[in-house]
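*Asks:* Given these sequences and hints, build the entire structure.
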Amino acid sequence: MANYYDIDDVLAEEEILPVVFQQAADCFGLLDSSDDTNEVEAGAKAELPFWLARDLHVRGVVAVDVPPYFRKVSRTRKEIEADAAHVDLRGRCQYFYELGLKIAPLVGDKTIGPFLLVAFQTRYKEVLVRAHTAASAVAPKHLTLLTNEEAKLYEAGQLSTAAFKKWRMGGPRLQRAPVLGRKRKPIE
Amino acid sequence: METGAQDGSSGYSTMDDYESLISTTDAELLKRAWQNEKAAPQILRFEAALIQRSREQIKLMEETVGEFTRNGIDPLTVSLYQMDLDRTVFLLRSYLRTRLQKIEKYVFHIQKTAELWNRLSRQEKRFAERCIEDMEKHLDQSVLSKLPSSYKSHLKQSSSSEEDDMVPEPRLDTYVICRSKRFLGAFQLDDRQFPVNIEADDLYALPYKSIKPLVETGQIDLV
Amino acid sequence: MASQADAHAATFSAAELEFLAEDELIEIVPNMRMDPLNLICGDFGPFRPQIATQVPVWLAVALKRRGKCTIRPPDWMSVEKLTQVLEAERDAEKFQPLPFHYVEISRLLFDHARDDIPDIYMVRSLIEDIKDVRFHKIGTGLEIISRERTYALRLKNLSAMEANIVRPFVTRALQTFYKLNSPDMIQESDSVSNRQPQTANRGPRRQLKDR
Chain A
1 MANYYDIDDV
11 LAEEEILPVV
21 FQQAADCFGL
31 LDSSDDTNEV
41 EAGAKAELPF
51 WLARDLHVRG
61 VVAVDVPPYF
71 RKVSRTRKEI
81 EADAAHVDLR
91 GRCQYFYELG
101 LKIAPLVGDK
111 TIGPFLLVAF
121 QTRYKEVLVR
131 AHTAASAVAP
141 KHLTLLTNEE
151 AKLYEAGQLS
161 TAAFKKWRMG
171 GPRLQRAPVL
181 GRKRKPIE
Chain B
1 METGAQDGSS
11 GYSTMDDYES
21 LISTTDAELL
31 KRAWQNEKAA
41 PQILRFEAAL
51 IQRSREQIKL
61 MEETVGEFTR
71 NGIDPLTVSL
81 YQMDLDRTVF
91 LLRSYLRTRL
101 QKIEKYVFHI
111 QKTAELWNRL
121 SRQEKRFAER
131 CIEDMEKHLD
141 QSVLSKLPSS
151 YKSHLKQSSS
161 SEEDDMVPEP
171 RLDTYVICRS
181 KRFLGAFQLD
191 DRQFPVNIEA
201 DDLYALPYKS
211 IKPLVETGQI
221 DLV
Chain C
1 MASQADAHAA
11 TFSAAELEFL
21 AEDELIEIVP
31 NMRMDPLNLI
41 CGDFGPFRPQ
51 IATQVPVWLA
61 VALKRRGKCT
71 IRPPDWMSVE
81 KLTQVLEAER
91 DAEKFQPLPF
101 HYVEISRLLF
111 DHARDDIPDI
121 YMVRSLIEDI
131 KDVRFHKIGT
141 GLEIISRERT
151 YALRLKNLSA
161 MEANIVRPFV
171 TRALQTFYKL
181 NSPDMIQESD
191 SVSNRQPQTA
201 NRGPRRQLKD
211 R
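Protein chains in written order, with full-length UniProt numbering: chain A, 1 to 188; chain B, 1 to 223; chain C, 1 to 211.
Keep in mind that the hints are not guaranteed to be accurate.
[Unchecked claim] Lysine to any residue pairs mimicking SDA-like chemistry, simulated, CA-CA at most 20 Å apart: (1) 165/A <-> 128/C; (2) 112/B <-> 144/A; (3) 131/C <-> 133/A; (4) 102/A <-> 171/B; (5) 125/A <-> 140/C; (6) 125/A <-> 132/C.
[Said to hold, decoys possible] Here are the computed distance ranges between Cβ atoms for each label pair: (7) 79/B <-> 48/C: 13 to 23 Å; (8) 27/C <-> 85/A: 47 to 57 Å; (9) 18/A <-> 183/B: 50 to 60 Å; (10) 169/A <-> 123/B: 22 to 32 Å; (11) 83/C <-> 183/B: 25 to 35 Å; (12) 63/A <-> 151/B: 43 to 53 Å; (13) 51/C <-> 132/B: 39 to 49 Å; (14) 199/B <-> 125/C: 31 to 41 Å; (15) 68/B <-> 27/C: 19 to 29 Å; (16) 27/C <-> 24/B: 18 to 28 Å; (17) 168/A <-> 75/C: 17 to 27 Å; (18) 78/A <-> 157/C: 23 to 33 Å; (19) 122/A <-> 140/B: 48 to 58 Å.
Since the hints were made in silico from the structure, they are not lab data.
Glycine included, each C-beta is placed from N, C-alpha and C at the ideal position.
*Replies:* Pasting the structure below:
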């Protein structure tokens, strides 16, 4: 696994998913604090983090349901269709795209992919324009709507634009490291 | 190691390559090696012969500059030779340092992948071995020795892991910007794409893995 | 998503591109006599008063700063040529061909050889305008990525600095598009639903953390 230490990947798997137990299970009482027995019946609903839900789903213990914002008929989908750029996706799920990429193959929902793509296509343009033009006048309001990936993208554009402007303003170019003037020691 | 990358070269001939090689200075080659190494997500083959020659040139030039100074050659000339020397030294240092950074970052992955391990120079191998020793010792002392016996590996999450699933690797699907010196013709990016025509001297943004063979054979340069 | 590519994003600094640009050749007219220089990067000179010769930009700037030469601005840096480029740049959707390092070289000459550039204010403002028009076009060009399913992007006639500025954004965005367009996500795949019962029986093998 190439991205074991990738903090964003770890955090994306912390996102909570609704699940339905497919079979009665022992030792899951912890998940429901209102219940003092240690059992869960088949058909019981619960909310689990993705990493746990995936594992239980693969074993057939639970069936993962997609979170409301990925459902075929949902307010989020309608909003994205109407005015994608101004939808508060961060409020729905900070790891919207990352989680979507993980959940779609798991539940075999082929409508999630195109939905994510449409959302990213439309919102990408807004991020593009703001990242390379807004200079330092960051639009804080817009930033609060962005998911983790979109915010990173924005930041990438901002940083390189700022670095270029700094270079163009001038100042000491290629700073000479103090050691450079000195005689180099033999290699071996 | 990965699939989907096809060698899409047409019009490539070793003769062209030979000609461009003899007409290209080592300074030019070093610059190219530096750019490729900086832009590639993965460690590239160590340019042993080139680096050897560059070191010799640097040494020679240092001697020349020293001699000029002793012989009272005019300071302007000396300073110009010194600047040329400084520029070459910068390239060499930055090239070596870029590689060390990659080695440090992906040391376990490089260690277990023979193809990559063989790309390192003798000194780099020594460096990698020491890195590995230090990392293993550090992980062991700070965490692993305190865990139950099936979780003591620094490569595997647990003893039931089928593969080394805790080893960071460079992402080969990273996009890079590249440029070819000659027309490469229709190039198949991957199986779900129309071929891309790679024209001479144009810039393209492509996934590294799709052009990896072209980078490794020097047919395309990363910029 | 592309988080491991972060460190990779800032591949070259502006100063490093300037370093590369300094190897481009430019014409100088020396006002002194100096023997040929046999440098690692090539042989230059001999230098004779009033006799033009080609040297790398870094060498030209070094001599200029010591008052040993005048620099002849490259052809493309004339008011006439730049006016043509600016007009064409405004009219056409395509990028006009300019030297790969035009941004870096023009800055170097503005900084170090002001008195050698005729109509420097005009030249400077033309280059600024050209750069602005081109950056605007880059923006529109990149919007296209989102309209078409683009995996490979051709950056025809984009200069080194321009490509470097958009690199972190573009490479990251393309990577995300690429992932969202993957067959797993877009096409219907039977293997997904078939996989479940098989893996369900695989027993205790368990990944602590999976992809």
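*Asks:* Would you mind marking each hint as holding or not holding in the structure?
*Replies:* How the hints compare with the structure:
For a cut-off of 20 Å, the pair hint linking residue 165/A to residue 128/C stands: about 13 Å separates their Cα positions. Of the supplied pair hints, the one linking residue 112/B and residue 144/A is violated, its CA atoms being roughly 43 Å apart against a limit of 20 Å. A C-alpha spacing of about 14 Å is found between residue 131/C and residue 133/A, which places the hinted pair at or below 20 Å, so the restraint holds. Between residue 102/A and residue 171/B the alpha-carbon distance is near 18 Å, which keeps this suggested pair within the 20 Å criterion.
Among the hinted pairs, residue 125/A with residue 140/C is consistent with the structure: their alpha-carbon atoms are about 9 Å apart, no more than 20 Å. Taking the CA atoms of residue 125/A and residue 132/C, the gap is about 19 Å. The hint holds against a cut of 20 Å. Distance hint for residue 79/B and residue 48/C: a CB-CB separation of about 20 Å, consistent with the stated range 13 to 23 Å. Evaluation of the 47 to 57 Å hint for residue 27/C and residue 85/A yields a pass: the beta carbon distance comes to about 50 Å.
As the Cβ distance of residue 18/A to residue 183/B is approximately 55 Å, the hint placing it in 50 to 60 Å holds. Restraint check, residue 169/A to residue 123/B: a C-beta distance of roughly 40 Å breaks the suggested window 22 to 32 Å. Against the hinted window of 25 to 35 Å, the Cβ-Cβ separation of residue 83/C and residue 183/B comes to about 32 Å, which satisfies the hint. Taking the beta carbon of each, residue 63/A and residue 151/B are about 31 Å apart, not inside 43 to 53 Å as hinted.
At about 59 Å, the CB distance of residue 51/C to residue 132/B disagrees with the hint of 39 to 49 Å. With their beta carbons about 33 Å apart, residue 199/B and residue 125/C fall inside the hinted range of 31 to 41 Å. Between residue 68/B and residue 27/C the beta carbon distance is about 26 Å. The supplied range of 19 to 29 Å therefore holds. A C-beta distance of roughly 23 Å is found between residue 27/C and residue 24/B, which places it inside the suggested range of 18 to 28 Å.
The supplied range of 17 to 27 Å is met by residue 168/A and residue 75/C, whose beta-carbon atoms lie about 23 Å from each other. Taken as a hint, the range 23 to 33 Å is violated for the pair residue 78/A and residue 157/C, whose Cβ atoms sit roughly 42 Å apart. For the pair residue 122/A and residue 140/B, the beta carbons lie near 50 Å from each other, so the given range of 48 to 58 Å is met.
Checked against the numbered hints given earlier, the structure breaks hints 2, 10, 12, 13, 18 and satisfies all the rest.
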